[in-house]
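Sequences and hints are given; from them, build the entire structure.
4 protein chains.
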Amino acid sequence: MHMEFASDNAAGAAPAVLDAVVRANGGYATAYGDDAITKQLERRFCELFERDVAVFLVGTGTSANALALAHLTPPWGAVLCHSEAHAMVHECGAPEFFGGGLRLVGVEGGGGKLQPEPVAVALERHFGLRPHQILPAALSLTQASEYGTVYRTDEIAALAALARDRGMAVHMDGARFGNAVARLGLTPADASWRAGVDILSFGATKGGALAAEAIVFFDPARAEAMAERRKRGGHLLSKHRFIAAQFEAFLADSLWLKLATHANGMADRLAAALTNAGIKPLWPVDANIVFVLLPHALHERLQIAGAHYYVTHTDRSDPANVPSGFVLARLVTSFATMESSVDNFIALLKPTQ
Amino acid sequence: MHMEFASDNAAGAAPAVLDAVVRANGGYATAYGDDAITKQLERRFCELFERDVAVFLVGTGTSANALALAHLTPPWGAVLCHSEAHAMVHECGAPEFFGGGLRLVGVEGGGGKLQPEPVAVALERHFGLRPHQILPAALSLTQASEYGTVYRTDEIAALAALARDRGMAVHMDGARFGNAVARLGLTPADASWRAGVDILSFGATKGGALAAEAIVFFDPARAEAMAERRKRGGHLLSKHRFIAAQFEAFLADSLWLKLATHANGMADRLAAALTNAGIKPLWPVDANIVFVLLPHALHERLQIAGAHYYVTHTDRSDPANVPSGFVLARLVTSFATMESSVDNFIALLKPTQ
Amino acid sequence: MHMEFASDNAAGAAPAVLDAVVRANGGYATAYGDDAITKQLERRFCELFERDVAVFLVGTGTSANALALAHLTPPWGAVLCHSEAHAMVHECGAPEFFGGGLRLVGVEGGGGKLQPEPVAVALERHFGLRPHQILPAALSLTQASEYGTVYRTDEIAALAALARDRGMAVHMDGARFGNAVARLGLTPADASWRAGVDILSFGATKGGALAAEAIVFFDPARAEAMAERRKRGGHLLSKHRFIAAQFEAFLADSLWLKLATHANGMADRLAAALTNAGIKPLWPVDANIVFVLLPHALHERLQIAGAHYYVTHTDRSDPANVPSGFVLARLVTSFATMESSVDNFIALLKPTQ
Amino acid sequence: MHMEFASDNAAGAAPAVLDAVVRANGGYATAYGDDAITKQLERRFCELFERDVAVFLVGTGTSANALALAHLTPPWGAVLCHSEAHAMVHECGAPEFFGGGLRLVGVEGGGGKLQPEPVAVALERHFGLRPHQILPAALSLTQASEYGTVYRTDEIAALAALARDRGMAVHMDGARFGNAVARLGLTPADASWRAGVDILSFGATKGGALAAEAIVFFDPARAEAMAERRKRGGHLLSKHRFIAAQFEAFLADSLWLKLATHANGMADRLAAALTNAGIKPLWPVDANIVFVLLPHALHERLQIAGAHYYVTHTDRSDPANVPSGFVLARLVTSFATMESSVDNFIALLKPTQ
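Protein chains in written order, with this note's numbering: chain G, 1 to 353; chain V, 1 to 353; chain A, 1 to 353; chain Z, 1 to 353.
It should be emphasised that the hints constitute simulated quantities derived from the structure, not laboratory data. Be careful, since some hints might not be right.
As the list claims (entries may be wrong) - Label-pair distances were calculated between CB atoms; the ranges are: (1) V/G325 with G/P118: 47 to 57 Å; (2) Z/D219 with A/R130: 49 to 59 Å; (3) G/P118 with V/A157: 34 to 44 Å; (4) V/T30 with G/V121: 47 to 57 Å; (5) G/A225 with Z/A157: 53 to 63 Å; (6) G/E117 with Z/A161: 30 to 40 Å; (7) V/R164 with G/P295: 32 to 42 Å; (8) A/Q115 with Z/R130: 52 to 62 Å; (9) V/P351 with Z/A36: 31 to 41 Å.
Said to hold, decoys possible - Straight-line Cα separation of at most 20 Å, SDA-like style, residue types lysine to any residue; simulated pairs: (10) V/K39 with V/G265; (11) Z/K39 with V/D19; (12) Z/K258 with Z/D34; (13) G/K39 with G/A225; (14) G/K39 with A/N9; (15) V/K39 with Z/N9; (16) A/K350 with A/T275; (17) Z/K280 with Z/P220; (18) V/K350 with V/Q303; (19) G/K280 with G/P351; (20) G/K39 with Z/P131; (21) Z/K280 with Z/K258; (22) V/K258 with V/D19; (23) G/K280 with G/V327; (24) A/K39 with V/R130; (25) A/K258 with A/R44; (26) A/K39 with G/N9; (27) V/K280 with V/G265; (28) G/K280 with G/E117; (29) A/K350 with A/L328; (30) Z/K350 with Z/K258; (31) V/K39 with A/H132; (32) V/K39 with A/P131; (33) Z/K39 with Z/D253.
A quick note: this is a predicted structure, and the numbers were derived from the prediction, not measured. Where a beta carbon is used, it is the ideal one built from N, C-alpha and C, also for glycine.
Here is the structure:
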């Protein structure tokens with residue numbers, strides 16, 4: 001019985017993406033991004049975002065975030081992000097490495113989302129005395145967040161305004177940008193630069209690609225020397241057409257939004273059934289992630305039946321305390337999640353007589 | 001009327017230290033530490049700490065801390081320290097720079113001191129999932145702390161035990177080590193390695209030198225390649241005898257402890273008078289720093305009379321809230337603080353009729 | 001008329017490699033290398049090299065080299081390599097970046113190959129005075145070299161012995177390792193660790209993969225913390241099965257050697273025809289690269305006919321001087337080079353009457 | 001018998017400098033450069049260079065060079081300097097460390113001086129292919145050079161013009177700037193920015209200070225964030241008045257030039273006597289350094305008599321070959337060199353009957 005909710009990285013690639021890679025294999029193509037598929041894709045990104053953008057493709061979300069943050073922040077600068085942001089907790093210090101020793105400053109916030117007030121307090125507390133204190137340089141938001149919540153555009157705009165007042169740039173970690181945009185029902189432009197985002201890590205991997213992420217500069221002038229930064233990081237692929245082809249298929253006919261809508265829907269279905277069973281998700285299920293407190297007995301039953309999901313560290317929950325007798329479970333759906341898989345899981349929620 | 005309590009860095013140098021520098025000027029001496037004064041000083045440090053130690057002199061406390069922490073911690077490692085530690089708040093990211101992008105993880109703690117419980121919680125929260133998460137590598141204690149408090153040896157030992165259990169090294173930022181040792185009444189050995197410290201930044205500058213700090217390795221084997229690290233950081237002085245001479249005088253006849261005892265005594269005198277005036281210091285006055293909440297009227301009177309001290313940012317206080325109508329003042333004494341200066345200040349505490 | 005000799009990166013992927021990627025797409029797989037294909041591949045590498053090895057897959061040759069060199073060399077260390085090595089000339093400083101500011105020391109050598117004598121001279125010249133001078137830490141050989149030549153095992157062994165005498169590690173940049181092994185007719189073990197190599201960047205991309213390179217540690221104990229280094233560099237792929245699948249197909253049934261043998265053969269064919277036409281290659285054609293001086297008239301004829309190849313900078317030739325009236329051309333073949341393509345080129349060598 | 005010619009770092013400090021330090025010790029002074037002596041010195045530097053300059057004091061020549069070069073060069077940039085420059089050979093990779101992995105590119109040149117032609121060749125050879133190749137960003141000249149030669153202003157201007165054409169900045173390592181200016185008989189302005197220098201490492205330590213170097217920006221706007229860079233490097237002294245006082249005395253009444261003139265004169269005297277004895281210095285004796293080939297017998301006689309000087313590695317000589325039967329000796333004079341000391345040495349040149 002298939003019940004795979006461990007990670008959207010555990011899914012393979014969407015068939016259309018794979019087809020595009022196979023198709024891209026015909027003949028010769030100049031290496032390092034100087035090929036026709038890449039050139040076409042760059043134009044596609046400009047259309048998608050309704051403005052001139054500069055795009056840099058890389059193979060991992062960690063490199064997309066780290067390159068972007070390092071580009072926005074001097075070594076003596078700080079990036080403010082959520083204390084549970086992926087860049088803070090799961091990238092092994094990549095932003096610090098790429099950024100020559102910049103500092104990530106974690107800010108707490110309910111449901112994985114930053115809020116203006118605690119960000120302002122952090123800015124008051126740690127900065128201002130030059131040259132003894134580092135300079136606040138960038139704000140990084142994860143959209144959708146690591147908790148499966150999604151910022152509304154007014155929330156982004158409020159944070160961006162605060163950042164801009166301090167001369168800080170705004171980065172969006174969009175490893176699950178598709179899930180967010182699908183939920184918000186907005187254009188990609190409205191969901192990003194029109195709300196105040198300067199640079200977007202636009203992820204395709206979790207959404208259905210093999211390995212493809214785009215660093216999108218909404219002000220192309222700001223991208224000066226990013227090509228060197230990417231190359232120097234070892235992130236310029238030689239047979240570049242294969243990564244461009246992934247994105248080409250991902251964006252064609254709104255595939256990325258269709259895949260994300262499916263993943264979100266599967267999470268909704270899980271959330272509804274869990275709520276029905278008296279297990280209310282801890283945070284709004286805006287994207288493809290559901291956090292719930294599962295009673296031990298149920299957890300055991302699910303494990304025995306073969307359900308896959310992570311039990312996250314209790315100290316990472318917010319509110320921090322997992323009640324005794326419960327585990328904090330994270331259920332993640334993806335473009336590949338089958339309805340039957342969800343239904344198998346749901347069926348297990350009701351104890352058998 | 002002289003009332004200088006802004007910083008122990010505002011004092012000059014103790015006359016005996018200056019005399020030693022002048023004395024060291026005779027004749028030629030091989031550069032870069034291969035001179036007689038330095039060699040003699042290295043032996044002196046071994047005696048002082050009752051064991052073989054490796055010593056590296058540098059001109060600033062920031063470089064001593066950063067070089068030490070970088071030496072203990074890989075770039076993908078973390079240093080846990082108090083959230084208000086000097087290395088965290090006032091060194092412009094030097095540890096991250098010297099450490100190739102290591103991370104400082106701030107832990108809150110009353111009175112500027114770390115306590116085992118919050119340190120253990122931080123270790124639970126942020127670490128463990130290799131290779132996605134950075135590795136905890138060092139614990140850094142400030143002794144005396146930025147709040148003027150002093151760790152007791154059992155407190156150090158408890159933190160060191162916790163660190164050692166995790167394979168972490170223990171660093172002590174001893175910019176005011178003399179103030180702490182003078183207060184504790186212990187030998188330098190008991191106050192450092194016997195309590196579990198691996199590397200000490202032993203400061204002389206604040207204590208009465210011109211510019212002299214020592215990085216002391218209690219296990220000399222651990223110092224491998226520290227010479228390269230210091231040179232590469234630009235911190236190997238060419239006319240090295242002049243920095244060695246400062247320490248020579250600082251350590252001779254326990255001058256460092258006599259100077260620290262004076263500074264501590266002046267702080268005690270301030271604290272007692274303030275307490276008498278109903279203004280209880282916020283934290284124990286263990287060293288040469290006194291934090292108090294001053295009513296606005298008194299603050300103004302002191303300012304007008306020419307008293308020098310810093311009003312620190314209210315958000316940096318712990319407890320965080322400075323009551324309305326008050327300022328949080330930091331008063332720092334030094335080896336050079338005159339009793340008359342303290343008494344001038346005290347006299348102002350009583351409102352004139 | 002197809003005559004593509006610009007780069008082996010301009011070819012696509014071998015069909016068998018692409019098939020394996022498509023095949024790997026079935027079902028779910030744990031992310032980040034904890035999947036069955038990767039596990040199987042790790043065993044395959046051990047068999048291939050006839051010993052326990054530790055393997056880390058990455059997507060680019062630049063990252064493979066930079067991660068390997070940074071792992072072998074402290075920030076105050078030097079890597080000696082050929083002055084025209086890829087790591088020196090075409091990686092935008094990636095080794096220095098990953099290595100925290102290590103230094104590449106270029107050594108001249110005929111035909112792109114290092115020779116013991118100039119390496120020994122370089123070691124005499126730049127090193128030895130601690131802590132003022134950096135420490136020689138690694139020697140990096142490119143096999144096959146950037147000039148299309150191949151080190152014989154006794155040549156490698158002589159360089160490795162010299163390195164080992166100085167406590168230096170030996171790295172092999174094997175972006176074209178297959179071409180070298182195919183030409184030498186040795187086992188991979190004989191061509192690497194048995195000749196003295198400690199770490200190998202084993203390239204599959206140029207040889208026929210989409211994007212797949214392996215960092216192979218012949219002493220697995222030496223790989224400690226390499227997982228963190230890779231993750232921190234953003235080079236740990238989440239859907240890792242897809243990169244493992246590429247290597248699986250690349251190694252199966254000696255595909256890599258068959259593809260390399262084809263590429264080498266096409267270069268031989270070019271070289272023989274050029275020699276016949278009186279245009280002797282500048283260096284032995286050991287792999288899939290041919291360097292020749294083309295008279296301007298011929299060069300023009302080839303360009304008009306649509307031949308693709310790079311005219312390299314005259315200052316990079318060795319001997320340095322390109323005679324007036326000539327261009328220095330680099331012709332690169334690949335697994336995908338068609339005999340007809342070579343023959344088209346050859347036909348153009350004879351001036352039409 | 002006193003014959004100290006090992007290094008100008010082996011001398012102590014000039015009495016006037018030491019007096020100024022002692023004088024600076026009176027009373028309190030705001031730390032970190034916000035004191036009256038520093039403020040006054042900043043104005044003095046502007047007068048000295050006849051324009052607005054930004055000045056940053058540090059304690060070592062290595063930090064002055066590394067901070068300056070890192071400020072001018074991105075991590076993916078290159079600094080071209082003489083292959084025997086101090087920054088290249090004797091700073092343990094400090095420029096690479098401070099510069100986030102920038103690259104030093106050594107260029108050969110007779111007598112320790114760069115010449116336009118080899119610099120232009122180096123720029124042709126290694127650069128131009130973006131983003132694969134690093135970007136040339138700065139040219140660093142040592143004045144006086146490590147060989148004791150001095151650039152004439154037209155030589156500097158020619159190199160600076162070449163640099164400017166490529167968008168590169170010009171740095172001057174002036175650890176012995178005084179020796180050069182004293183010899184040239186020019187104003188400091190003519191010897192630096194009027195000849196095309198952008199940033200000067202102006203050394204006082206070798207010239208007679210305890211430990212004092214100034215990084216001088218001739219365009220103050222270019223110094224943005226240098227304060228952070230210095231602090232982060234651990235090079236902002238807390239009791240800053242003591243380093244400022246050294247420079248104050250060094251510059252007062254042209255003391256620096258008087259001291260340099262004496263050192264140069266002592267070198268002239270040595271050179272003349274050596275030439276008379278048939279031992280012609282290898283390079284023009286423009287400053288306080290004399291390189292000569294000494295026959296073994298004479299070398300032995302000098303050693304026995306107690307003469308101190310370095311026998312440099314034969315491979316570092318240019319021309320490279322030290323004839324058999326000779327050693328290559330480097331004799332360095334300083335402000336403290338006594339005429340009698342020189343005469344003692346000279347007397348030994350004539351073999352006793």
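Against the structure, the hints:
1. V/G325 with G/P118: 47 to 57 Å: Once the Cβ atoms are compared, 26 Å apart, the range 47 to 57 Å for G/P118 and V/G325 is violated.
2. Z/D219 with A/R130: 49 to 59 Å: Roughly 38 Å apart at Cβ, these two residues miss the hinted range, so it is violated.
3. G/P118 with V/A157: 34 to 44 Å: Taking Cβ atoms as reference, G/P118 and V/A157 lie about 36 Å apart, which means the hint holds.
4. V/T30 with G/V121: 47 to 57 Å: For G/V121 against V/T30, whose Cβ atoms are near 54 Å apart, the range 47 to 57 Å holds.
5. G/A225 with Z/A157: 53 to 63 Å: At roughly 29 Å between Cβ atoms, Z/A157 and G/A225 fall outside 53 to 63 Å, so the hint is violated.
6. G/E117 with Z/A161: 30 to 40 Å: Violated: the Cβ-Cβ distance is about 56 Å, outside 30 to 40 Å.
7. V/R164 with G/P295: 32 to 42 Å: Given a distance of about 38 Å, which is inside 32 to 42 Å, the answer is holds.
8. A/Q115 with Z/R130: 52 to 62 Å: violated (32 Å)
9. V/P351 with Z/A36: 31 to 41 Å: holds (34 Å)
10. V/K39 with V/G265: With Cα atoms ~34 Å apart, V/K39 and V/G265 exceed 20 Å; violated.
11. Z/K39 with V/D19: violated (26 Å)
12. Z/K258 with Z/D34: violated (30 Å)
13. G/K39 with G/A225: holds (19 Å)
14. G/K39 with A/N9: Given pair G/K39, A/N9 holds - Cα atoms ~17 Å apart, limit 20 Å.
15. V/K39 with Z/N9: holds (17 Å)
16. A/K350 with A/T275: Judged against 20 Å, a Cα distance of about 12 Å means the pair holds.
17. Z/K280 with Z/P220: Violated, because 44 Å separates the two Cα atoms, which is more than 20 Å.
18. V/K350 with V/Q303: Holds. V/K350 to V/Q303 sits at ~15 Å (cutoff 20 Å).
19. G/K280 with G/P351: With a Cα-Cα distance of about 17 Å, the restraint between G/K280 and G/P351 holds, given a limit of 20 Å.
20. G/K39 with Z/P131: holds (17 Å)
21. Z/K280 with Z/K258: violated (27 Å)
22. V/K258 with V/D19: holds (17 Å)
23. G/K280 with G/V327: holds (14 Å)
24. A/K39 with V/R130: Status holds; Cα separation ~17 Å.
25. A/K258 with A/R44: Judged against 20 Å, a Cα distance of about 18 Å means the pair holds.
26. A/K39 with G/N9: holds (17 Å)
27. V/K280 with V/G265: holds (17 Å)
28. G/K280 with G/E117: violated (27 Å)
29. A/K350 with A/L328: Answer holds: A/K350 to A/L328 is near 19 Å, not above 20 Å.
30. Z/K350 with Z/K258: Violated, at roughly 31 Å.
31. V/K39 with A/H132: With Cα atoms ~19 Å apart, V/K39 and A/H132 stay inside 20 Å; holds.
32. V/K39 with A/P131: Holds - the C-alpha atoms of A/P131 and V/K39 are around 17 Å apart, at most 20 Å.
33. Z/K39 with Z/D253: holds (19 Å)
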